[in-house]
Each structure stands twice: as structure tokens, then as C-alpha cells.
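A.B. asks: Model the full structure from these sequences, guided by the hints.
From first to last, the protein sequence lines stand for chains A and B. Sequential numbering of the first sequence, starting at 1, is according to our numbering. Sequential numbering of the second sequence, starting at 1, is according to our numbering.
Keep in mind the hints are simulated off the structure, nothing from the lab. Quick reminder that beta carbons are idealized off the backbone N, C-alpha and C, glycines included. A couple of the hints might just be wrong.
[Said to hold, decoys possible] The following residues of chain B were derived to be distant from chain A, with all beta-carbon distances above 12 Å:
1. K38
2. E58
3. I70
4. E75
5. N193
6. R194
7. S285
8. E329
9. S382
[Stated by the list, open to error] Using C-beta positions, here's what the derived DEER-type ranges look like:
10. A:H377 x B:S418: 38 to 48 Å
11. B:I147 x A:K188: 30 to 40 Å
12. B:E239 x A:P246: 29 to 39 Å
13. B:K217 x A:D172: 17 to 27 Å
14. A:T100 x B:Y328: 58 to 68 Å
15. A:D96 x B:E239: 37 to 47 Å
16. A:D388 x B:Y328: 43 to 53 Å
17. B:S384 x A:L293: 38 to 48 Å
18. B:S382 x A:P394: 52 to 62 Å
19. B:I147 x A:N456: 14 to 24 Å
20. A:F324 x B:K217: 36 to 46 Å
21. A:D276 x B:E232: 34 to 44 Å
Okay, here's what each chain looks like letter by letter:
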Amino acid sequence: MTFDVLIIGSGIIGTSIARELSKYQANIIVLDKENDVSCGTTKANSGIVHAGFDAKPGSKKAYFNVRGARMFKELQKELDFPYEENGAFVLSFSADGHDTLLELLDRAQKNGVDGCSIISGDEVRKLEPNVSKDVVEALYAKTSGIVSPYEMAIAMAENAGANGCKFEFNKDVISLTKKESLFEVKTKDGSTYSAKVVVNASGVHSDEINNLISNNKYEIKGRKGEYVLLDKEFSYISNTTLFQLPTKMGKGILVTPTCHHNILVGPTALDTDDKDNTWTTFDGLFEAFTKGLLSVPSLPRGGIITQFSGIRAHESHDDFTIEFSKDVKGLYNLIGIESPGLASSPAIASHAAKEIADYLKLSPNPNFNPIRKGIKHISHMTSEELKDAIKDNPLYGHVICRCEVVSEAEIRDAIRRYPGAKDLDGVKRRVRAGMGRCQMGFCTPRIMEILAEELNLSLDEITKKGEGSKIVVGGIKE
Amino acid sequence: MKHVRLLIIGGGPAGLAAAVSAYDKGERDILILERENKLGGILNQCIHNGFGLHTFKEELTGPEYAQRFIDQVVERKIPYLLNTTVINVNNDKTVSALNEDGLLEIKADAIILSCGCRERPRGAINTAGSRPAGVYSAGTAQKLVNIDGLLPGKEVVILGSGDIGLIMARRMTFEGAKVKAVVEIMPYSSGLNRNIVQCLNDFNIPLYFSHSVVEIKGDKRVESVVIAEVDERLNPKMETAFEIKCDTLLLSVGLLPENELARGANVDISRVTRGAIVDDRLMTSVDGIFECGNVLHVHDLVDFVSQEAKEAGEKAVEYINSSAKKEYEKIIVETDGKVRYVVPEIILKNDNYNPLTFKLRVGNVYKNIKLEVSADDEVIYSKSKQVVAPGEMETISLRTKEVEKMRIAKSIKVYLRSEE
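C.D. replies: If you want it as C-alpha cells, here you go:
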């Protein structure tokens, strides 16, 4: 079968483009080398919908960031993912910072970002009392937001899937060639696909995919960012995202609430040669937390429940590439989509999808349904809703994860969806079972049982995150 | 809304003993809520023996110990609901719980929280490295092995020398796994001495004190861990680092009382025990809400949990039956830096001179000391100990005469005195 569009990568860019393209009549397939959507940079970043005051005026980053950020509210209504406009401060710790704040304010105006102002340290602390006394002033960006990036990508993928888009996983693309007008795509497991357009949305590997076929070479440098995450118990620390004045190495350490009321501290910025290495380091975790203390001196070390790191796809031109390849007809490249890539993603996707649709002369899909309903979470329900839900399906009354209060019905729903959860991490990202303070201590064996039942596997075949990550090595001695 | 006089949240050892004692004290309107599919709590997966030496004067396995109490609950026909998870407790003693029959809304005259504790996860110890399969808390591994019959791994390193970790070192060895090391960041174990002897020494499993796991390696599944010695401030000395190949890292790095429900009811929580602050009736800062067992503070032996729960059951019944709610003046029990905590932390100025028990843990290993209690400046209790250690809970049983002195004192102190 020949696909109209083959998308490589199911991060926020790949899934968003898939969803935009499913508005047209086209055969679309998304391939990912991992076992699920959203396993790369999308699952491990700050989850900030940047307002758009940071990017250089005139850059693609500025253009797509500002437009993308404005699309979140509408998208949330359609796709039902966690997003909140919580506002952000860029904290300045000395009078020297004043000029930089003015520059940011100026950028905000040039980029067309509304709701930005410079306020005093006391005004900041009036809004966020836990902010350090050392803060002298700050830029306040009211339209900055937070989003759950992996849940957004999952929502995009589910909606694309419902509108006819196909997803295949564990498909690591190793060869990309063109025969006449068609691409031939080969994956490590021996599969071959044929497509008219290939969308290169492969994040930190987008240079490698491009370089398989194009003479116009790119080089992505991995830049690792490490984070620590605090228990919900400490959600009082801040409702607003707290940036520190940017440095050459990025936006500095932020302290921010997440959509699920944890407090996230990070990221560090360390260039790395191994673009898949998301291992955290002793020094990095120390640095993240210590710098976080500058913004909030009372950050409790004992409140940390987990750590992680993600790799930014930094490209040396320091701006996004969002265009058809100049030498390979039909290859659409998305390269160097680092911060503010998440905030930009809706605008990037609609721009890219339009160019691809024009290229392929696609007609609109009359059956496109923009609505995706999220998994019903019992932790969000009122008493009346709970009663109705349990009457309808008693498994809503069976709590599996106690830290985050997640029921068996939600977990089964997460597995049955398309593309659905296939492993413990997939369940975790969709329904939060295991995201809480015990970090899967109690619910691991129970979720294994549900996965085994739903996927018709034996317990010793269940994995944490796909091949090679089995939870157990077998049965005990009889 | 359903009404019960005494609601017990958690059907493990604490909840069961509390229910039995409340019944024996005359209360007939009791309900136990348990989220698992059977009573007994964590004892169900503790299939090793060593339970009950104090209570029953014999060595029982965990499930056997639990069964003794389950039998008593069943004999008394005390009602309980299984597969029922409490999602909310309010300070007016209304409770919401979920099961497959629906949402239960209950109003209670008194509530005993007996919901136990949970294990500290990897995140709490800030270990760097990858996030592969193969890193489990010791209790999760125990459930996989003992309940589900599954083997988590074949080559194991255990971080932390808490009791569950020690027990699992032996258990995994029995099942054919090779336990390569137990690594403890402190210069002493947080587990019982008998477990070090029976679970490690007997199987030649090396125990590294003052060491920690500084990095976990392996993308999909654990491939090795890096271990280093730590300095006095517990920071790793990287020059001492060495690597051990393994496919599994079990964590036994401490237990935390599970007090999310209590927090929701605005119960005051101790920063030290992470359990509620209770008075000598085991009542929390919220009138009519009691705590006992590991939700209050982490015990070393289940026998002491049962004893404490028995007391909580009796006090809750006394509370329900007392028509007028009296306000008593409170005396906060002080400790020195060496005694890390004492439970109860509050003594009420009333005329109940019944015997009373303090439970406490020390913050370090101390040798040749006296464990003492003073009321104002008079030493009312003193006991010589050759050694006290953080891994073992100490108890102080005070008689009527001493309790009487305490109740009229202005200050009460529990502390260690060095023996010259």
C-alpha cells in the first residue's frame, strides 16, 4: 500500500501534523521507533506554553511561538488535554537585570505578545509569597501557560487515529530512498513502506533522517536538561511559572507547577554527544535543585519524588526548520524544534499540513471529527458524577493507584484506545497510575495483571517501556 | 448518608486489633474499610516467620499472625468492606469511599486511621542514572515473589538495610537469584539485628555500610549500579566508586506513614514521624480522629502495632461514650536531640492515672546510656541500655504512680543520659 503521507516520529510535532493532516482525505501513517507515542523529548520537558517574549523578533521561533500559544485554548476544548494559563515571572536578582527585562519587554511588544509588564519584587511576592526576597523585579507574562506535553501528544494521536490515521511502533527507520515519485522507507525490523510525502518529525534524530537522503546536511546537537519533581503536597510553592533571567545556555532553571499540581524544578543545560542518553547525573540534579533554591529558598529537598532528563534538539542555526527539503522533493523537514517548540507546535502543524496538502492537492475530509474526549478520571469527578460512572461501569469504583486515585476502568480505557497503552509507562502517561508519591510501588503488580488480561499476554511478558524492559524475568521456583 | 459510631480505615494489623478491642470494650457499631481484596494488610505478603513472639509467645508467619486477628473479627461478626478505597476524610468525620457498588458516604462518631505506611521511592533518594525496568521497592518485589509467584530479577543489589530489604535478600536467594550486595548509606543498619544475621550473614551476602548507589545504568533494564563510599555528610566520595553488574536494584530506603487522608482532614502532622501528632489517647488534633500503627509512626515489630491499636480502639470507645467533650490542658513532651521522636507527643492534664507507654526512636547509635523520663525536674523513669539504635523502637512503660506525676507536671522530657 502506498501512503500519501508517512510521518516519522510521534512526538508533539509528528502527532500534531498527523491530526492536522487528518482534516484532509489522505492515507496517513505515523512510524515511531519506540513502543508508544511521545517517548522522546515530548515526554521530558518543562511543559511550558511560552508566551513568546523570549524569541528573537523576526525569527521562526517568535513567529510560531506567538501564534501557537494562542491556539491552545481552542485545542484544549477540542482535544481535552491538561492545559492552564497560569502566568509566568522572569525573576531578576539584581538591579543589573533591569536592562535585560526591558529588552524582554521590548521583544514581547515586537513579537505581539499581550499582557507583559515589569513589576517590583514586592509585587511578585504579593502574588507568590514563596519567591525569594532577593528578587528585585520581574517581567510578568500573564499569557504564559502550562500543558501536559505527553498527554497533549496522546490526545493529538488519538484524534488523528479516530479520523483514519494509522500508527505503527517499534519502527526504527534505517533507510530512506526515492524511486521516481515515491519514497521507500525501510525500518530495522525489515518492514518497507511506500509514500508520496515523508514528514521528518524525528526530533533529536531529524538530522539523521534528513541526511539519509538529502545532500543539504544538518547537525543536531543534543542538549540535556535535568529536572526534579516534587510531590503534590508542595503545590502551594507557586501557582505561577518562575523563570530566572536567561543566560547564553538557555532559559535557566525554572520552578513551575505542573498541570497535575506537582512542582517541577529544572532544566539544566549540558551538551551531549549521545542524543538518546536521558540518564540523569549527580551533578545535574544537584545543580537543578540548587539553582531552584535561588527562586524559592524554601524548596524542600525531602519533597522530591522523581528525577528525569530530556534532550533538546539544538540545531546550530538556532532557529526552526519547517519546510520542504530544497533538494529532495516531497520530504518535509521539521528540524531543530527545541524550546519554544511545544508552544509553537499547533502553529507549526497547521502551517506544515497546509503546505503538504497544497503539494499533494488534498481535498478536505468531510467526515473529520475534531472532538476527542479524554479518559474520564475519577479524581476529577464530583460525587454525583462518581455515582453515575460506577453505576455505568463498576470498575470506576475499583481504585488501583491510590496516590493519584486511578480506577481500573481508566486503566482499561487507556489500553483499549488507539493508539493505546502497551506497557507500564504508557499507562502511567495516560492515566497517571504510578506518577504519585509511591512511584508505582503499590500498583505495579496490579497494572501488570490488567495489561496481561487486556493484551492477552502472560505476566512475565509485561514491560516497562517496550522490548528489553520486562518487569520480571520469569516465575519463581515451583 | 450512612452513620456508624466507629469507622476504622484500614484492615491491616492495626485496624483489626483496634476493631477487636473496641468490640471488647462494648462497642457494637463498627465498620472496617479495606482497599485490598482481603483483610490482613501487608502481613499477607510477609510469608517469613518471626511475627508474634510478644503477642502469642510463638513464631508465626505474617499471614498466620493476621489470621489470628481476622478470626477474632469474624467471631465477633464485626462488619467490614473489602475492595473499598477511602478517597476523602473530612474534619467533621464524614468520609467518602469507593467500591464497585458505588460511592459510600459515611458519617462517623469516631474514626481510627490505621492505613499503614508506604515505601520511599527511588526519587526520594535522588539517585542519578537511567530509568530502566528492574528498579523496585523491596515491598513491590516481595509482592511479586510471594503473591504473584514472579521473579523480578536474577542478579540483585539492594540499597538500604531496612527490614524488608534484608528479608528480600534472603527470599531472592531462596528463589535462585544472586544477591550481590546490600548497600547502606548510614554507618549502621536501619533494620533489626536479627534480620542482618539471619538474612545476610547466613548467606554470605556482603553488607556495605557508609556506601550508596550513585548511578543506575542500563537503558531498558538495569545493567549495573555504581556504588561509592559516602563521607560524614553522606556525600559520595566519587574516587571510591565501583560498579556491580546486576539486573535488579531493590530499594529499602525507609517507610513513610501514609497520611494523605489525615492531611485532607486537617490533622496536624509531625515533621519527624510524618504521622499525626497525637495525645495520650492516640487522638489527633482533630476531635474524634485517632491514629495507630504504621500510619502514626513506623514500628519495628507488628506486636507493638497490635498493642498500640488495642489502646486506640479502647480510647475511641471511651471518646464515643463520653457525653460531654472535655478540653484538657496539654503538655508537650520534649526530647533531646538524641531521641528523634516520642509518641504520644502530648500528655493531657487529667485524672486518668492508668499505665501509659511511650514509644520512641533514637537518631543514631548510642552505647551505655540511660533512657530517662523526667517530670519537671524529677527523674521518674530510668533504664540502662547497653546500646540503642535507630532500627529498633524503644518503649517506656510507665506505671500509675509515674503517670500521676506526669499529669501534674509543667514539663515532661524524654532523653538519653550518658553513663560515665
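A.B. asks: Determine for every hint whether it applies to the structure shown.
C.D. replies: Tested hints:
With a closest Cβ-Cβ approach of about 14 Å to chain A, K38 (chain B) is found to remain outside the 12 Å limit, as its non-interface label requires. No beta-carbon of chain A comes within 12 Å of the beta-carbon of E58 (chain B); the shortest separation is about 27 Å. A cut-off of 12 Å between C-beta atoms confirms that I70 (chain B) is not in contact with chain A; the least separation is 21 Å. E75 (chain B), annotated as away from the interface, keeps every beta carbon of chain A farther than 12 Å; the closest lies near 29 Å.
For N193 (chain B), the shortest C-beta to C-beta distance to chain A comes to about 26 Å, beyond the 12 Å cut-off, and the non-interface label holds. The beta carbon of R194 (chain B) is kept farther than 12 Å from every beta carbon of chain A, the shortest such distance being approximately 25 Å. Residue-level check passed: S285 (chain B) sits 18 Å from the nearest beta carbon of chain A, beyond 12 Å. For E329 (chain B), the non-interface assignment is confirmed: its Cβ lies about 32 Å from the closest Cβ of chain A, beyond the 12 Å cut-off.
Taking the minimum C-beta to C-beta distance to chain A, about 34 Å, the non-interface status of S382 (chain B) holds against the 12 Å cut. The hint said 38 to 48 Å for the Cβ distance between H377 (chain A) and S418 (chain B), and at roughly 56 Å that hint is violated. Distance hint for I147 (chain B) and K188 (chain A): a CB-CB separation of about 38 Å, consistent with the stated range 30 to 40 Å. Checked against the hint of 29 to 39 Å, the C-beta distance between E239 (chain B) and P246 (chain A) comes to roughly 36 Å, which is consistent with it.
A beta carbon spacing of about 22 Å between K217 (chain B) and D172 (chain A) agrees with the range 17 to 27 Å that was offered as a hint. The hinted range of 58 to 68 Å is satisfied by T100 (chain A) and Y328 (chain B), whose Cβ atoms lie roughly 59 Å apart. Our hint of 37 to 47 Å for D96 (chain A) and E239 (chain B) holds, since their Cβ atoms are close to 39 Å apart. For the pair D388 (chain A) and Y328 (chain B), the supplied restraint of 43 to 53 Å holds, since their beta-carbon distance comes to about 46 Å.
For S384 (chain B) and L293 (chain A), the Cβ-Cβ distance of about 45 Å falls inside the hinted range of 38 to 48 Å, so the restraint holds. The beta-carbon spacing between S382 (chain B) and P394 (chain A), approximately 59 Å, falls within the hinted interval of 52 to 62 Å. Taking the beta carbon of each, I147 (chain B) and N456 (chain A) are about 22 Å apart, inside 14 to 24 Å as hinted. For the pair F324 (chain A) and K217 (chain B), the supplied restraint of 36 to 46 Å holds, since their beta-carbon distance comes to about 41 Å.
For the hinted restraint 34 to 44 Å between D276 (chain A) and E232 (chain B), the CB-CB distance of approximately 38 Å keeps it satisfied.
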